[in-house]
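Peer 1: Listed here are the chains, written in short residue letters.
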Amino acid sequence: MSEHSPLAFEGAWALSPAPESSESAHIADHYGLFINGEFVDAEDGGRFDTLNPATESTLASVSHAGQADVHKAVQAARNAYDSVWSKMPSRERGKYLFRLARAIAERAREFAVIESMDGGKPIRESRDIDIPLASAHFFYHAGWADKLSYAVSGGTPRALGVAAQIIPWNFPLLMAAWKIAPALACGNTVVLKPAETTPLTALKLAELCQDIDLPPGVVNIVTGAGDTGAALAEVQGIDKLAFTGSTQVGKSLMRALAGRSVRYTLELGGKAANVVFDDAAIDQAVEGIVNGIFFNQGHVCCAGSRLLVQESIAEQLLERLQARMASLIVGDPLDKNTDVGAINSRNQLTRIEDYIDIGKTEGATLWDAGQTLPETGLFCRPTLLCDVAQSHRVVREEIFGPVLTVQTFRTFDEAHAKANNTRFGLSGGVWTDKGSKVFDMTRRMRAGVVWANTFNKFDPSAPFGGFHESGIGREGGLHGLRAYLSEARA
Amino acid sequence: MSEQRLAVAKTYKLFIGGKFPRTESGRYIAFESSTGEFVANVSRASRKDLRNAVVAARAALSGWCAANAYLRGQILYRIAEMVESRQAQFVDELMREGMTRDAAQYDVQRSVDWLVHYAGWSDKYMQILSAVNPVASQHFCFTVPEPVGVVTAIAPRSGGLFGLVSVLAPTIVGGNTLIVIADAAHPLTSVALAEALHASDVPAGVANMLTGRRDELLPQAVSHDDIDALLSADLTDDEWQLAQEQGADHLQRQPQLPTSAIRAPGDDGLEAIACLQEMKTTWHPAAQ
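Line by line, the protein sequences are chains A and B. FYI, this note's numbering numbers position 109 of the first sequence as 109, with every residue one higher than the one before it. FYI, this note's numbering numbers position 42 of the second sequence as 42, with every residue one higher than the one before it.
Everything hinted at is true.
Only pairs whose alpha carbons sit at most 20 Å apart, straight line, appear in this in silico EDC-like list of lysine to aspartate or glutamate:
| hint | chain 1 | residue 1 | chain 2 | residue 2 |
| --- | --- | --- | --- | --- |
| 1 | A | K251 | B | D249 |
| 2 | A | K251 | B | D226 |
| 3 | A | K251 | B | E245 |
| 4 | A | K434 | A | D278 |
| 5 | A | K418 | B | D226 |
| 6 | B | K10 | B | E195 |
| 7 | A | K251 | B | D225 |
| 8 | B | K48 | B | D215 |
Distance windows between CB atoms, simulated:
| hint | chain 1 | residue 1 | chain 2 | residue 2 | range |
| --- | --- | --- | --- | --- | --- |
| 9 | A | H26 | B | S137 | 29 to 37 Å |
| 10 | B | G98 | A | S246 | 46 to 54 Å |
| 11 | B | I128 | A | R102 | 29 to 37 Å |
| 12 | B | S62 | A | R102 | 44 to 52 Å |
| 13 | B | V116 | A | D413 | 34 to 42 Å |
Hints in this document: simulated from the structure, not taken from any laboratory. C-beta: ideal position from N, C-alpha, C; glycine also.
With the hints as constraints, model all of the structure from the sequences given.
Peer 2: Next up, the structure:
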């Protein structure tokens, strides 16, 4: 690849390892469930291990919550809602959230290290994105607590009660913040279930809840696998279910809620088009494509996983993209030079590799830069699948890994037709230097978040969520609050 | 002209894609007055008719949601004018459906007023529902509502013109296209409304009207992959369970209006528009 890879250092310019110390990460041998302000073991004593995907070694064991534990957590949340949280002046409520924001910021380094150890994401991302954004989410929503009457048009907004929240493994602490912060700001209490492969930062957040004297039961955390999530969706006494995860599970949760008066928001899968026109700034577009699909190993629901490039520049763009991909460093998540860390779990690695095989069977041309991967741990090279068609599974289905499909288009109309030809509708990207083309395209894209001449940007004040099978409802910003208030629509 | 003249009876048909076809199924509902007299054979729409209506509504969507807000407001206002000018017809149909004359007149008048209310919303709801987001980076970031798409509305069992208008107006003023499943016990008014829509510059396919049985059409409306949302106000518990279970297969949006919203004009007109909008957040760099 050397003719395409002026930035690939070919060994001569290899960077020395720059590992972040894991000494600051205090991980206990075992974590219980966090119910009513205390860590308790599961009633049946169930436990499971959480692994470091970069080494596949065990980091800690955590309790596996069953139905009885989930019931207990919901009861604790209900009691806290009835006796404390719903009666507290909103300004006081907000101050707890400000405390949480500060507490996360104070221990940001420790959280970043644990996030990278437990989930495999590069320390550069957990340090610069996940943890600061999580803190910012609490800070943003803290300020809403005493201003909610401005968030709905007319009437007095009221909390819903107990919110059950189920989050995925790709942004563990950030997703916990996305869920907990607006729920608490609006006056609800919560029972949160982290993903089974990444429970640690949520449990460390539970420690912060103790540190800041959050009233017991306002935040409860039940760890476990899919059965724990199902129990949480089915338990009586919840008023709201917020879920982030796969479209398939989202649909089954929606069925589980049929006929019950439980409000819900769903953040599900995606297969976003990243559309590059011939008048785009090509180097910026290449950076945007790389950030769009290789950020967090492609474990991103809004990843720009379908590249649509105008035919006239396709060859040139692909050449530069391949050169850039050859310079990506795949390896130790704790190394500050690492661009692409470890795949989150063996299951997910298998799933990604299966999709790459499916792509080959369907006739795709596979390309990767051939980086040397670490000998142990779960890793996958950033991969292109070229010569694919709209009907191919690798174009239609979410892979959730560092795999980008490449298609071309000739006209504007063909571009938005292809971009919208999907059951999903979470995000999209467009690259062009022409302002009117930006807005023509962003207007036509059927997706909840559209990035123009940028990609994968997030902010507590910016509503996020999907059209179609990418979900129902919004999280973040003004519009996200409405999902936790009873004045808003069902 | 004193000799007896035989009245010319109207054929009550469906309204699909701007045309008035009979149901493809050839089936009918024999509609009787409250005193049990035969009034008319009304088309009993089939699942195939619903599918045809979805095709028409989908085809009309891109043009209607791209129509500017001022134009949509003008057209809503035109519907109000058409209903007002056909007051006598609506009152007659409502009385055949069992209303007293006074109640029918009142129902028509406030329906017109509610259409006018929504005509005025066309170029305002976006300002109220939108936001510029103060993100902590050098980007211009804003969130605006967009129509959810093709909507099926279940007309309230309570009947009346107002019930129809309360689901029709907020749906189409927001740029969606619509299929109304009229209540089987009140089919005459819905056909009269379709005729008024036809005369109001509403583009073909934007609003479609099916008379038929709810129990037959609802399962199809919630499981049809190309219907983005179901708007209702008075589903029974069983209907609601069915709608949610089957709608889950394609994540159909299923907002419910409060029953107060289908009975009388209130101050929650915006909510009915908002529940059929998707929020889109757009980011663009604001520094070079």
